[in-house]
Every structure is written in C-alpha cells, then in structure tokens.
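Generate the whole structure from the sequences, applying the supplied hints.
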Amino acid sequence: MSQNGLLSISNVTMRFGGLAAVSDVNIHVAQGELVGLIGPNGAGKTTLFNLMTGVYTPTEGSVSFLSETLNGRKPYEIVRSGMSRTFQNIRLFRELTALENVKVAANMRNETSLLSAVFRTPHLLRNDDEIDNFSRNLLEQMDLADVADTRSGDLPYGLQRRLEIARALATKPKLLLLDEPAAGMNPQEKVQLMDLIRQIRERFSLTILLIEHDMKLVMGICERIYVLEYGKLIAEGKPEEIRKNPKVIAAYLGEEVE
Amino acid sequence: MQEFVQNLIYGVETGAIYALIALGYTMVYGVLRLINFAHGDVYMIGAFVGFFACTQWLPFKDLSQHPEAATLNVLLAIVTLFLAMLICALLGIVIERFAYRPLRNGFRNADAHFWGFVAALPLTAFVGAMTTTKRQGAFLAVGVIVGFALRPAMAYLSKKIKPSSSRLNALITAIGVSLVLENGGINVFGADPKFIPDILPKRQISLLGIEFDSSRVVILIVAAVLMATLRYIVLYTRPGKAMRAISHDIDAAKLMGINTDRVIAFTFALGASLAGAGGFMVAAFTNIKVVPLFGLQPGLKAFVAAVLGGAGNIPGAALGGLIMGVVESLVASKYPQWRDAVAFILLIVILLVRPAGLLGKNTAEKV
Amino acid sequence: MRWILGRIGLFAVTCAVLLAVNRVVTDNIRVDIVSLLVLCGLYATLAVSLNLINGITGQFSIGHAGFYAVGAYVGGAWTMLMRPALEKSLPILHTGTQIGDHLNLLIALVLGTVCAGLTGLLVGLPSLRLRGDYLAIVTLGFGEVIRIVILNTDAVGGPRGFTPITELVNNHGIPLFWVYGLLVVVVLFSRNLLKSAQGLKFLAVREDEIAADAMGVNTTKVKVTAFVIGSAFAGAAGVLYAHCQTGITPDSFDMNTSIIITTMVVLGGTGSISGSLLAGMVLTALPELLRNDFIKEYRMVIFSTLLVVFMLTRPQGIFGHREIALPRFLRRLGKKGESTP
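Protein chains in written order, with this note's numbering: chain G, 53 to 310; chain H, 43 to 409; chain B, 1222 to 1562.
Hints in this document: simulated from the structure, not taken from any laboratory. Remember, predicted model here, so these are calculated numbers, not experimental data. A few of these clues could be false.
Mimicking DSSO-like on lysine-lysine, the simulated pairs with C-alpha atoms at most 30 Å apart in a straight line are [claimed, not checked]:
| no. | chain 1 | residue 1 | chain 2 | residue 2 |
| --- | --- | --- | --- | --- |
| 1 | H | K283 | H | K103 |
| 2 | G | K284 | H | K403 |
| 3 | H | K403 | G | K126 |
Residues from chain H shown here face chain B by an in silico Cβ test under 7 Å; the list is partial [unchecked claim]:
| no. | residue |
| --- | --- |
| 4 | F149 |
| 5 | P164 |
| 6 | M196 |
| 7 | N211 |
| 8 | L389 |
| 9 | L393 |
All C-beta atoms, glycine included, are put in the ideal place defined by N, C-alpha and C.
What follows is the structure in structure tokens.
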C-alpha cells in the first residue's frame, strides 16, 4: 500500500479545548481507490476533512499527501498540490454565475500577473480564453452547460451540489474529497449522483474519498469504508465486511441491517 | 506620585462614563451583531435634556444667591437624571423600531410613514418660518401631506427589490441615523455651545493629600449604582434572561416563544438610558460645552472600549471602559496632543493580539 | 507588438480628449463650477478606489480618508519641503516652467501614491485576522490615527494647515485633465481587473473566503493587494487635491470624509464600478448645487434622512452589483483595440 499510497493520515488527533473531535485516527488511501468515510453525526468526519485540507492543523499526528507532509500548509497550497473538496453546507460563490464559479477554481494555476490583467496583454487574453474554454468544457461534461450564465445562488439545490463538484474538479485534483454530496437529495437524484461519481472517477482518473450518510450510496459505490464514532476509528474494510461488523451495527447501522 | 494618583482618579471617572456608554454598545452588539453608531448621539441627547431641564424646565435655584436651596437642587438633579434616562430610552426605542427593525424584518408601511414625516420635517419648519400668523395647523398639514406623498415613493423602492442583510448596510444605516441626530441637533438646538450652570454645591475633597471635586465622586457613585442595577436586570429578571438568550442564538430564542422584537427594543431602551444618564452627568458636572457633536468622540471611544472588553460581553464593556479612561488620562497628562489617538492605538494593538477582546470568546466560523 | 502600439495610441487619444474637454470646459464655464467638477472627479476616484476594497473584495474599510490624507501630505511635502532642498543641485525641478511644473507634479504623484499604498499595506495586514465590523472599526481608527499624526507634525503645519504649490495643477489651466485622467485610470484598472479571470479571485474572496481558500485562491494576498491598490489610488487623488486647493488642513480628512466615501460606495451599489463613479459625482455635486438658503440650513438632515431611507428601502444601492454598459459603438471600439494580433 505504501508505494502507491496517495493520502495517509497517521495517528491524527484534533482537540478543541478539552474535547477531542478526532483521536488517533489512521487512514490510508491508495491511488485510484474510492473510499467511504461514515459515522453518526458528530463523529468527526468533517473535522477530518478540515484537517486534510489545511483548515485545521492536527494537534498530534500528521497528514501526508503524495508522500509530503501537509502539517502547517495553507489550504490554498494544499489544493495546488492536488487535493480538492466540496462542502457539506454548500459554499458556492453565490453572486457569481456557474461559469465564474468554475473559473475561480480553474484560475488556480494561472500565473499571469495583475498588471497584465490591467493592461489586457495578448498573453493574458489568450490565457483567459483558455480558462474560459476549459471551464465551459467542464460544465458541459457535468451537464451544467445550460446554466453556465445563471447566478449560482439561484440554481436548484441538486445543481448547486453538482456545480460544487464541478468547481472542485476545475482545480484538476488527484484526490477529490466529497463531503456528504447526497445530503438533501431525493432517491432519484441520489441514483444520478452515484452514476456521476463513477463517471467522473473514470474520466478524470480520480481517487475519491467521500463522507456520506446514505448507506445505499456508500455501500453501492465505495470499495473500502472507514467507520468513525466519537472521533475514533471503529472499523475498516470492504462494504460487506462493514455490513456484518457488530461494532458498526451497534454504533450506526442498527435498524438498517435488521 | 500625587499627580499620578490624581490622573488615575480622573481616568477612573472618565472610564466610568465610557463604561456607561460602552454597555449600550455591547448589549446591542450582543443581541443584533450591530454597531449602533447612533448610540453616541443618544448620549448627546442626554446632555441636552440635562441642559434644558437645568435651565428651563425645572426650578433649579442659583446656589450663589440661594445657598439654602442645596437640598432642592439635589432632588431636582435626581429628577433630571431620571428624565434624561427616560427620554433617551424612548429615543432608543424609536431608533430601534424605525431604523434597525426594518433592516431585520423588512420595510413596512409604518416605517414609510415615519421616515416620510422625518423627511418632511425640514419643509414643515420652512413653512412654519413663513407663516407669521402662527398657524400651527397649516404647519402640521404640510408635514402630513408631504409625509404621505413620500410614502408611495418609498414603497416603490422597497417593493421592487428583495432586502439583503449585509453588515455593511447595517453599519451605514447606523451611521445614517447618527448623522440624522447630529444634524437634526444642529437645526433644532443650534450649533452654539451651551453650558449647564453649577447645580450642586461644589466642595473640594482632600484625601491623603490628593484633592478632587465632589462632583466627580458623584459621577463615580451614580455610574456604579447604574451598572450594579444593570447587572441585576441582566442576570435575574425575565427580560434580562431573554436578552441573554437572544444574544446566544436569536432563532432559537424565537422558537422558545421569546418576543425577540420586544426584548431587542428593551435592550435599546436599557442601553440608551445608561448613555442618557452619562450624557447628563458629564454635561452637568464637568463644565463641558454641550454641542450637537457632543457624543461623537466619547461615542467612538466607548465603542472602542466595548471592543476592547469583547463586544457583546457586559463585564467586558465595563472593564474596557475603565481601562480606556485610565490609559487615556495617563497619556493625556504627559502628551495631551495624543489624547484622541490613544483609544485607536490601544484598539489596534488589542485586536491584533486578541481579536475577540479581553473577555470575549474567540469563535471561528464553522466549515 | 501591435498591442503595445495600440495601448500607446489609446493613451494618446485619451490624453488628447481630456485636454480638449478641459479646454472647452474652462473656457466656457464659471470658475466655481470648474472647481466643483474637480471635486466631483476626486470623490469619484475615491469612491471607485474604495469600491475595490469594499465592493469587489468584500472587505470592510471605512477609513479611506486616511489614505487620501497620506497622499495629500506626502505630495505636498515633496513640493514644499523636499523639492526646494533638491532644487539647487537639480535645476530641472524649478517650478514655473511647463516641464518643471509637470515633472514636479508627477514626482509628487508617484511619491504620494507609493506612500499611501504602503500605508494601505500596513492597514491591510489586520484584515488577515479581522473580519466585518471589527475590521471596519480598525480601519476607522487607523484613519483617525493618521489624521492625529498629521495634526501633531509641525513640519506640515499641524492644525494650521499647509499650502502646497497649487500652481502646479492650476497654472497651466488643466486641473480637469489631471483629475479626470486619474479617474479614467482607476476606472479602467477596476474594469479590466474584473473582466479578467484574475479579477474573479477578488470576487471569490468577497463571496466566501473559506471556499475561495479551498479553491486555491491565496486569500491573504488578494486582500492585501486590494488594500494596497485601493489606498494607492486614494493617495493619488490626495496629491491632486493638495495641489488644487488653497490649502489643506487635517480636518479635510476626518472621519466624516471617510464616512461620506463609504456612503458613496454603498449607495452606488457595492461592487458596481459605474455605481460608485456616479454616486461619487452626484453626492459631491448635489449638496453644493442645492445651496439656497433654506436647503443650505437643512441639507445635512435631508441628506442623512435620505441615506437611511435609501438603506432601508434599497439596500443593494442604485445599481446593485450591475454595471451600466457603454453604448454599443464604444464597446465595439474597445473590442477592436483588444483583438489579439
């Protein structure tokens, strides 16, 4: 696992005041995997995402990505190294259009200077065109081309979720972190979402780590699952193993399995 | 050393006034997350109420001619204190109702009428100045008509667009209200400075070789009593508890059946009455000139004091006020020209070291 | 290289147009109206530059007069204090000739702009730790501190004020050229920035700082950049102001000035360049034009009442985030200039 390990979280603990939101967690994700992270509310899943993306720095332990430690790196630096995320409570740039949302992310590696933007140099205009094409293309692939010029805050909920994924993809990530992508969706939308996740994984050759509450979705698409409870890892394994794990049943799946 | 202690006492006294004003800022910030910029002008109104009460409304006696009237004057001063607090409390409620509530709940017909009339007031004053026959009727009628005529225009503006809850807008609204009070004050009271005559017997108190005015002690004592009362109200009464609930989570408070609008109005009344008391006392006991911009600098410094202690934190405001007063007084005794810069430098330093203020809790945005 | 030639051409045409307009206006219009136009241009510049910080980047600065003051006093200090000292060894700095005057003004402009920008950097640093109201109050405080520092600096007159060489702008009769030239620069700067993908970074920070960070935007850099640029332009406006007034005092840069500039941005519609521009001009001109006896007495009450009513009924300002588009033929002209070789 170590030679093609993409992300490894080793003995990570995060304390807020006296409370340990995450304690001594180890997670390893290899290139190309689709891994699920589940657990009851308040188990520390989103905190773990925030630790990976640099919003928080772990109190103990370390996160490393592509064999480089991420401790102390700023969120924008981590994105640039190839890890992108979506948010549990959608965080689009609401006043901007769908296209502009994607462009912000696509602009990430843009090295043109501010002055060239002000003077509108040919180099910049070419660059802007490239970003524009790339972004429109991406929207097309995500079935969002029709709403490219709609203010993102006005989009229906399902499309906002999808736009968030598109925006994350625009940073050309190697690892995509999805934070409850199906939250608030109806069953039909969830099925579509499952397809979409499979598709983008193929098309962009991504590694995906996702947090989800919906068991059907997680069991349906994930190859490996980690279970978190009260900030501790209580199980790890293939979906069928997780389904049978008594600890997990007690903690979380209880009714659903019976 | 003696001078140092003297300045310290002056500082504590100034600090007590800053604390009184800062409490109003901090309470409003606690419940609404709004910097009530007009609060300093409420303090100014308190000073003017004091001025009019002392010179026109109440039968104060000139102590230099009637030394025996001291008791009467003391009683009247207490009445004036309550009058200033009452009028300022009402003003606070009006400001909340017509400037800040529309920001929260949307612009209603009643708001349109109110602001229509306020906008019409200068015109009525104009007509009033023209009609030499003292026809108050015509005077009022013009105000009513203009106010009514302005209503549809406002309704048009407000209906077309959905309201936004931007903090910048709230701040600008508050600044606007402050400007209305200041400039209205210039028109109504005139820009010439006014002085409240000495209404209380003055005595030099000398303690351990340090001399100071008895009136300064009065300020300290009254401020302490008012703050203690406030503490009691906030901690042990129903509206006080409701206030704390709202400052914790306004939506949850609403769901628990608290009439948030009423409690917010109460908060404004409470804060405004403290500021009114402060305004009256400063104007009456420190021989400072009363002008419509009377509240600008103290208001700003008191706000800084509130932030210093941790905006939204009531003991913090009192502490911040005292620190501000003392530091300012000590600096001003050595470098008087830097007096007004002290507040801001202190603020910048504190916010950079401890952004939540001395007693405030640091809350990070949830991701 | 057609692009560079095109830009130079555009620059020359703009200068020529501005000079022509300046000539026509000063020849035919009353002097007091011309000076009002100058003031309108300066305030429009201030509003548009503050819009870069408040409207486009979503920061919360209400101390813009401080940067204006830095520009005015640094520019003034050049012409009144530094220039005379250097004049002996560098005769080109003599005033009174076309070249000398314009050269001096340009130097003053550069110095004022740079110093105001550096002050902006200093003030922008707290924006990394502070948000919303707290940042607002710190910027207000910085503005006041700057004013009080000037008040206590005797070299520039302290409370008595200071009179830089006004002939630099006025003698050659082209104050409108300088002022509106600066306005064109700041407007084009903002507009071009917003049109490029670069500008989206600034908007993203306004919309959601955490999400912007997660999308690879270096939010720290963006915020500080906005502060530096916004205050540098305010400084440039200050240099021009100092050189076309009969004197500057610290009182011209007090809190009220800051608040008025902020009001312009908000009324114009935060984020809208054209909105800030228009609000800046109208709000400067209106109170002056309404100076008959009655309105003069009550204008400030009326003004502030309208401000409140406007905030309550139309909180997004006149234009919201929108812009007024240029007429089509002008737009086409612009496109032509931009077409890549």
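Against the structure, the hints come out as follows:
1. A distance of roughly 43 Å separates the Cα atoms of H:K283 and H:K103; the hinted pair therefore is violated under the 30 Å criterion.
2. Proposed proximity of G:K284 and H:K403 is supported: the alpha carbons are some 28 Å apart, at most 30 Å.
3. Taken as a hint, the H:K403 and G:K126 pair is honoured in the structure, with Cα atoms around 24 Å apart against an allowance of 30 Å.
4. Hint status for H:F149: holds, given a least beta-carbon distance of 5 Å to chain B, under 7 Å.
5. For H:P164, the interface hint holds, the least distance from its beta-carbon to any beta-carbon of chain B being 4 Å, beneath 7 Å.
6. Taking 7 Å as the C-beta contact cut-off toward chain B, the hint placing H:M196 at the interface holds, the least distance being around 5 Å.
7. With 7 Å as the threshold, the beta carbon of H:N211 comes within range of chain B, its nearest partner Cβ sitting at about 5 Å, so the hint holds.
8. A hinted interface residue such as H:L389 counts as satisfied when its beta carbon comes closer than 7 Å to some beta carbon of chain B; here the least separation is about 5 Å, so the hint holds.
9. Among the interface hints, the one on H:L393 holds; its C-beta lies about 6 Å from the nearest C-beta in chain B, closer than the 7 Å criterion.
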